[in-house]
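Asks: Following the working numbering, the numbering of the sequence shown begins with 40 at its first residue and continues without gaps.
FYI, nobody ran anything at the bench for these hints, they're computed from the structure. Where a beta carbon is used, it is the ideal one built from N, C-alpha and C, also for glycine. Fair warning: there could be bad hints in the mix.
Said to hold, decoys possible - DEER-style ranges, computed between Cβ atoms:
#1 Met-40 / Leu-80: 35 to 43 Å
#2 Arg-48 / Val-87: 55 to 63 Å
#3 Asn-93 / Glu-148: 47 to 55 Å
#4 Ala-90 / Glu-145: 27 to 35 Å
#5 Phe-146 / Val-84: 57 to 65 Å
#6 Glu-61 / Met-40: 54 to 62 Å
#7 Gln-88 / His-54: 45 to 53 Å
#8 Ser-74 / Met-40: 43 to 51 Å
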Amino acid sequence: MDPFEKMERKRQARHRVRAQRERAGRLQSRVVAISLICFALLWGVVFVQMATGNDPVLGNSSKTVAASHRGGRNRHAAKATAAEAAASTDSEKAPETSEPEEFEEEFVEPEPVEEEFVEAEPEPEPVITSQS
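Let the hints inform the model, and build the full structure from the sequences given.
Replies: Here it is, written out as structure tokens:
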């Protein structure tokens, strides 16, 4: 192999290594960019959930608290008030009795439970060896 051919092969090898490094750099920058975009999107979703009061960790209680802070009613409160209104109209229609009804409770004595006594096995004596 003559010296010119040897120099040409070294130049091609350096060119291939430089191209490989450039590709690796572009790949790294793409991965970093995609990671940052995904992080920003996921953080944005969590932020919007928290801002609207739909915190999945707190469950349904956060919706109730958020509705009460805004002065609005949630659907559970609306159902409760509707049920109370229906009960008040029913009680107005029903004739009142002078004596309240008494309920007799029967006392049922629980059956005795027999416990089984199991003797504990004695602990084995410790093993003594020559190594200590």
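Asks: All the hints need checking, so say for each whether the structure fits it.
Replies: Verification of the hints:
| no. | hint | verdict |
| --- | --- | --- |
| 1 | Met-40 / Leu-80: 35 to 43 Å | 56 Å, violated |
| 2 | Arg-48 / Val-87: 55 to 63 Å | 59 Å, holds |
| 3 | Asn-93 / Glu-148: 47 to 55 Å | 52 Å, holds |
| 4 | Ala-90 / Glu-145: 27 to 35 Å | 56 Å, violated |
| 5 | Phe-146 / Val-84: 57 to 65 Å | 58 Å, holds |
| 6 | Glu-61 / Met-40: 54 to 62 Å | 29 Å, violated |
| 7 | Gln-88 / His-54: 45 to 53 Å | 52 Å, holds |
| 8 | Ser-74 / Met-40: 43 to 51 Å | 47 Å, holds |
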